[in-house]
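Starting from the given sequences, assemble the full structure and let the hints guide the process.
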Amino acid sequence: MDLSVNIAGMKLKNPVIAASGTFGFGKEYSKFFDLNKLGGISVKGLTLEPRKGNEPPRIAETPGGILNSVGLQNPGVHAFIRDEIPFLREFDTAVIANVAGNTVDDYRAIVEILSDADIDAIELNVSCPNVKEGCLLFGSTAAGVFDVTDAVRKVCKKPLIVKLSPNVTDITEIARAAEAAGADCISLINTILGMSIDVEKRKPVLANVMGGLSGPAVKPVAVRMVYQTAKAVKVPIIGMGGISNESDAIEFMLAGASAVMIGTAGFVNPNVWVDTIQGIEEYIKENGFDNAADLTGALIE
Amino acid sequence: MDLSVNIAGMKLKNPVIAASGTFGFGKEYSKFFDLNKLGGISVKGLTLEPRKGNEPPRIAETPGGILNSVGLQNPGVHAFIRDEIPFLREFDTAVIANVAGNTVDDYRAIVEILSDADIDAIELNVSCPNVKEGCLLFGSTAAGVFDVTDAVRKVCKKPLIVKLSPNVTDITEIARAAEAAGADCISLINTILGMSIDVEKRKPVLANVMGGLSGPAVKPVAVRMVYQTAKAVKVPIIGMGGISNESDAIEFMLAGASAVMIGTAGFVNPNVWVDTIQGIEEYIKENGFDNAADLTGALIE
Amino acid sequence: MDFRERIVKTETLAKDIHLIRIRSEQITGKAVPGQFVNVRCSNGLDAYLRRPISICSVCPTDKTFDIVYMKRGKGTSLLCGFCEGDMIDVIGPLGSGFTMPSAGEKIAVVGGGIGIFPLLYLLESCNGVNKTAFLGFRSKDAVVMKDAFEYASNKLVVATDDGTFGVKGFVTKPFFDWLNVNRPDRVYTCGPLPMIKSVAEHCVKKKIFCEVSMEQRMGCGIGACLVCSCKVKEGPDFDYARVCKDGPVFPAEKLIFE
Amino acid sequence: MDFRERIVKTETLAKDIHLIRIRSEQITGKAVPGQFVNVRCSNGLDAYLRRPISICSVCPTDKTFDIVYMKRGKGTSLLCGFCEGDMIDVIGPLGSGFTMPSAGEKIAVVGGGIGIFPLLYLLESCNGVNKTAFLGFRSKDAVVMKDAFEYASNKLVVATDDGTFGVKGFVTKPFFDWLNVNRPDRVYTCGPLPMIKSVAEHCVKKKIFCEVSMEQRMGCGIGACLVCSCKVKEGPDFDYARVCKDGPVFPAEKLIFE
Ligand SMILES: Cc1cc2nc3c(=O)[nH]c(=O)nc-3n(C[C@H](O)[C@H](O)[C@H](O)COP(=O)(O)OP(=O)(O)OC[C@H]3O[C@@H](n4cnc5c(N)ncnc54)[C@H](O)[C@@H]3O)c2cc1C
Ligand SMILES: Cc1cc2nc3c(=O)[nH]c(=O)nc-3n(C[C@H](O)[C@H](O)[C@H](O)COP(=O)(O)OP(=O)(O)OC[C@H]3O[C@@H](n4cnc5c(N)ncnc54)[C@H](O)[C@@H]3O)c2cc1C
Ligand SMILES: Cc1cc2nc3c(=O)[nH]c(=O)nc-3n(C[C@H](O)[C@H](O)[C@H](O)COP(=O)(O)O)c2cc1C
Ligand SMILES: Cc1cc2nc3c(=O)[nH]c(=O)nc-3n(C[C@H](O)[C@H](O)[C@H](O)COP(=O)(O)O)c2cc1C
Ligand code: FES
Ligand code: FES
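Sequence lines, in order, name chains P, V, G and F.
Mapping to the numbering used here: the first sequence position 296 is 296, numbers consecutive.
Mapping to the numbering used here: the second sequence position 220 is 220, numbers consecutive.
Mapping to the numbering used here: the third sequence position 187 is 187, numbers consecutive.
Mapping to the numbering used here: the fourth sequence position 230 is 230, numbers consecutive.
Derived from the structure by calculation, the hints contain no laboratory data.
Built from N, CA and C at the ideal position, the CB exists for glycine as well.
Some hints could be false.
[Claimed, not checked] Facing chain V, a subset of chain G residues (Cβ under 7 Å, in silico):
no.	residue
1	M1
2	G44
3	L45
4	Y48
5	I222
6	A224
7	V227
Right under this line is the structure:
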């Protein structure tokens with residue numbers, strides 16, 4: 001039995017990847033389990049310059065999920081290359097650089113830099129709802145996604161994953177734009193814009209007022225978007241949004257994802273990634289599949 | 001202390017309304033509590049002709065929520081007027097007729113009929129995700145919402161509520177279109193399109209594959225949309241999506257809603273509407289407000 | 001209205017089959033065979049919806065009723081955590097019951113798996129009737145409530161798929177054999193779709209009165225939300241009935257099986 | 001890694017203040033004063049995130065540690081349901097601890113409300129030190145662990161906002177009075193923002209070593225997600241530190257209070 005999957009020229013030893021922004025640069029979780037076990041790690045969203053992020057509180061608990069408004073706090077791409085890649089490279093797991101910017105030039109510049117760095121793929125975050133400029137603005141329209149992807153594609157020497165926002169009317173239109181502009185792979189969903197109010201204080205819980213919803217609550221929306229996107233594009237899909245166990249991960253793969261990312265659930269169960277990998281292996285055995293890749297799109301309709 | 005609220009020329013005795021499609025035509029819940037206690041009842045979505053609805057299974061449980069794919073099963077507007085209004089009128093509560101159609105003509109025809117019926121307001125459902133034609137198609141674009149609302153407005157002699165879909169990139173644009181076309185009030189959110197897969201059977205749980213997500217899971221998205229909409233339009237707003245208790249209801253009112261609707265939570269707690277009304281009353285007392293209407297938009301920012 | 005009632009007993013009947021006995025004046029005072037209760041399995045978001053479970057037996061003296069459930073998914077797993085003395089949130093009785101046989105009639109019940117439970121309450125509620133019960137289980141380990149069914153019927157036939165107890169094979173086999181030499185006034189059936197379908201079609205063909213208890217995923221459980229549909233004949237056409245309110249018991253000849 | 005540990009004792013210390021004693025070789029073997037554990041309050045979706053709770057006391061002989069929490073919202077309400085013998089899912093010890101005083105030094109701790117708990121563990125861990133403890137509570141009913149603090153310190157001053165116990169008013173008052181005639185080597189503080197802010201600013205002004213334990217809403221609790229920010233000085237500018245990993249204990253002079 002083979003758990004490995006091939007996505008956009010990358011070979012992952014299994015289909016489970018740590019989702020960007022929930023896993024830092026891997027150091028913290030490396031104390032909980034062996035990072036060699038992971039299919040891959042998508043690092044915290046990187047920008048050209050360091051960013052401080054938004055004011056706290058940056059997290060609110062909601063029914064079956066959380067809202068976050070970190071706002072891309074990160075040390076900048078140069079510090080990432082200098083300080084973080086060496087550690088990540090101690091492990092045999094794919095390293096995916098998640099990148100964001102305010103302008104198309106930002107995106108191009110950072111991708112140019114990362115193209116020469118020791119990483120396996122670049123994940124274009126055009127979907128962060130927690131920053132005032134750029135990012136989600138690009139991700140909200142097909143034209144915006146096309147423009148960023150197209151500009152980046154020209155300078156990108158690594159497999160290019162475009163990460164989509166669920167805050168759109170028609171995800172397939174956006175996915176097709178990313179594909180047309182040369183994305184090798186599409187990942188989705190980023191967080192859904194939400195808000196939570198503390199009725200005793202009569203104030204928004206988040207200093208930033210709004211934030212991005214993730215965790216189990218969003219899973220049905222995410223599965224639906226993966227399903228729709230898989231029917232709309234030919235490039236492989238990395239599915240995410242609320243995955244907490246193998247059964248959730250398999251839902252995404254049956255819906256059409258070639259791999260999955262897990263984020264929020266790790267806050268509750270720091271072993272969620274390895275537990276999920278093991279659970280997928282068992283499901284494959286018990287359900288007569290030969291390998292993980294066969295799960296992709298194996299929905300009976 | 002006064003719990004009543006005025007919306008679009010209607011006076012509701014309190015801000016709590018039963019959400020369309022979850023409360024039938026009131027008969028069933030009337031065995032659980034006195035319908036006189038409700039601010040209002042929005043009845044099951046009506047179409048010109050009777051509709052059978054979609055194939056079962058029509059419901060799936062998801063983390064903190066449910067997916068439904070009823071698909072507007074209803075006896076048609078004529079049977080509603082003949083068989084249901086008399087019963088509803090036994091109670092002193094506002095009766096809101098929720099209507100849907102495949103074409104602009106459908107909407108106009110049904111609103112014309114209902115304009116002469118003994119109801120208090122019409123709620124235009126341009127946001128049902130569970131039918132193949134019409135409905136959500138109109139609700140997905142500002143132009144679509146404008147056209148339906150505009151056509152209906154011309155024949156509508158009742159207060160006109162337009163119910164918006166959350167499955168859009170920019171809710172404010174849609175809300176402004178409804179307002180511009182003459183809506184007296186905006187209600188939101190309808191369900192979010194989602195999907196759930198049974199991994200043992202490898203099949204979608206819903207026969208219809210996709211369905212609409214409601215219940216606590218969607219609350220942060222709904223509160224956010226109410227908040228954004230309240231800043232974008234002048235007409236009053238009825239907020240809903242995942243309300244399970246007074247605290248949730250107050251979140252929506254602080255975010256800008258003048259009244260709220262509750263649906264899914266009633267499946268779990270058939271007393272949710274009356275419990276919520278009572279809870280709002282207590283909150284008003286304890287927090288130094290004079291009346292329910294003062295809660296609207298009372299968020300401290 | 002408060003739906004919380006006291007659990008007076010819990011018992012494990014077989015692997016993954018558990019009984020909960022609940023004291024409720026409200027429910028025992030109204031229940032009829034074939035009805036169900038809608039149970040809240042947690043106080044929070046886990047297993048958010050209520051679970052429909054048939055009323056399996058009623059003791060009017062103690063004002064208690066029993067539900068018996070199979071541990072399957074999230075909700076029924078949480079039910080396993082309930083203990084004697086705990087309060088449980090149950091709405092009921094819900095739905096329409098079986099048409100009760102008249103004294104002197106001859107009836108048969110055909111149940112499979114978790115479908116047997118509402119049939120016990122039916123049998124227990126009609127004395128003076130000639131009652132034959134056909135029960136099907138997966139295998140010996142899954143056989144439950146044999147004594148209760150034996151006591152409540154004139155004749156009990158048990159079948160197991162693997163032959164480890166009673167007759168080997170599906171329970172429809174001994175039932176149809178019996179039907180070849182007996183003509184009951186009424187047949188009642190509840191259980192897996194293939195079983196109830198074949199029982200229903202057989203009875204309809206032979207013009208024997210037959211009622212079927214159906215299952216469907218539910219929302220409100222009281223008839224308001226229209227999610228629990230089941231296809232029924234409506235003149236030359238079909239319609240969707242509500243399992244929770246119009247059913248769960250339907251006349252066999254009304255049902256459209258697919 | 002398995003984070004489930006056995007609860008060996010639960011106790012209610014005052015209205016809405018409860019203690020849980022947990023046996024854990026793993027945690028007791030590593031913990032230092034000022035650290036916390038991240039507790040799972042349910043197995044499901046209710047109170048989905050873990051709750052950070054300070055380690056309040058450690059017994060190395062029994063390999064147990066205590067947490068004391070105030071019942072406030074969903075998570076802490078669920079914690080009240082845990083009993084002796086239950087397993088509880090706790091990750092820890094997490095965060096950075098207090099800088100321990102050296103033998104012979106003179107220290108003061110200033111705690112308010114639920115902020116007092118990590119200070120007890122600190123006091124209990126530094127013998128040979130001259131320790132004065134200042135504790136503030138809302139009122140007499142809320143005073144907890146007085147004996148333990150008395151035992152662990154050389155001098156204990158308790159203040160209540162309403163004067164129903166000890167000194168009347170905020171605890172900062174007796175502390176600042178004391179500070180006028182004493183110069184401690186180190187001050188440690190934890191509690192409501194206005195209190196820790198005023199203690200910290202006072203100490204910084206007087207150039208007294210002061211460490212503050214901060215609170216913030218958390219996601220991962222281990223430093224990976226960057227949600228638990230707290231504003232700290234970074235040269236002429238500011239930066240956001242992680243309360244869960246860089247803290248919860250910070251040097252007073254690094255903090256920017258707003
Ligand atoms: C009228 C009626 C009477 C029933 N009586 C009994 C009984 O006496 N004993 C018994 O063991 N079971 C009975 N069932 C089936 C029982 O409702 C399901 O086994 C139970 O809901 C499964 O819940 P779960 O949380 O374990 O499974 P999950 O798979 O976690 O449930 C997920 C959702 O699907 C629904 N669901 C799953 N399976 C079924 C099903 N077979 N029928 C209806 N809804 C389902 C659940 O209610 C829930 O909403 C009855 C069902 C109906 C409709
Ligand atoms: C490092 C640290 C140590 C702590 N030590 C203790 C202690 O020893 N005893 C004690 O009683 N309390 C302590 N707290 C506070 C405790 O974490 C909160 O009281 C608790 O999280 C409230 O949870 P809830 O479910 O009752 O409230 P809810 O309002 O339902 O919680 C909702 C969300 O907000 C978070 N939250 C709410 N209040 C706080 C808060 N004050 N700090 C951080 N997160 C919060 C919750 O963790 C949760 O994610 C500590 C907090 C931190 C950060
Ligand atoms: C605290 C937090 C920070 C995040 N930061 C990023 C980020 O920097 N870049 C990005 O593309 N996505 C980011 N995300 C989104 C996740 O990668 C993921 O798309 C989303 O959380 C849904 O998956 P989940 O439900 O498994 O968490 C963040 C999510 C969380 C919760
Ligand atoms: C079973 C079901 C049927 C519904 N039918 C309708 C409908 O006919 N018309 C409509 O406008 N909304 C319908 N809705 C949407 C609800 O009115 C409401 O907008 C949504 O469920 C969010 O609120 P809630 O989370 O309180 O349920 C339906 C929802 C459910 C769950
Ligand atoms: S479950 Fe709502 S109508 Fe049957
Ligand atoms: S809670 Fe995740 S970094 Fe602190």
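Earlier hints that do not hold, by number: Per hint list: single violation, 2.
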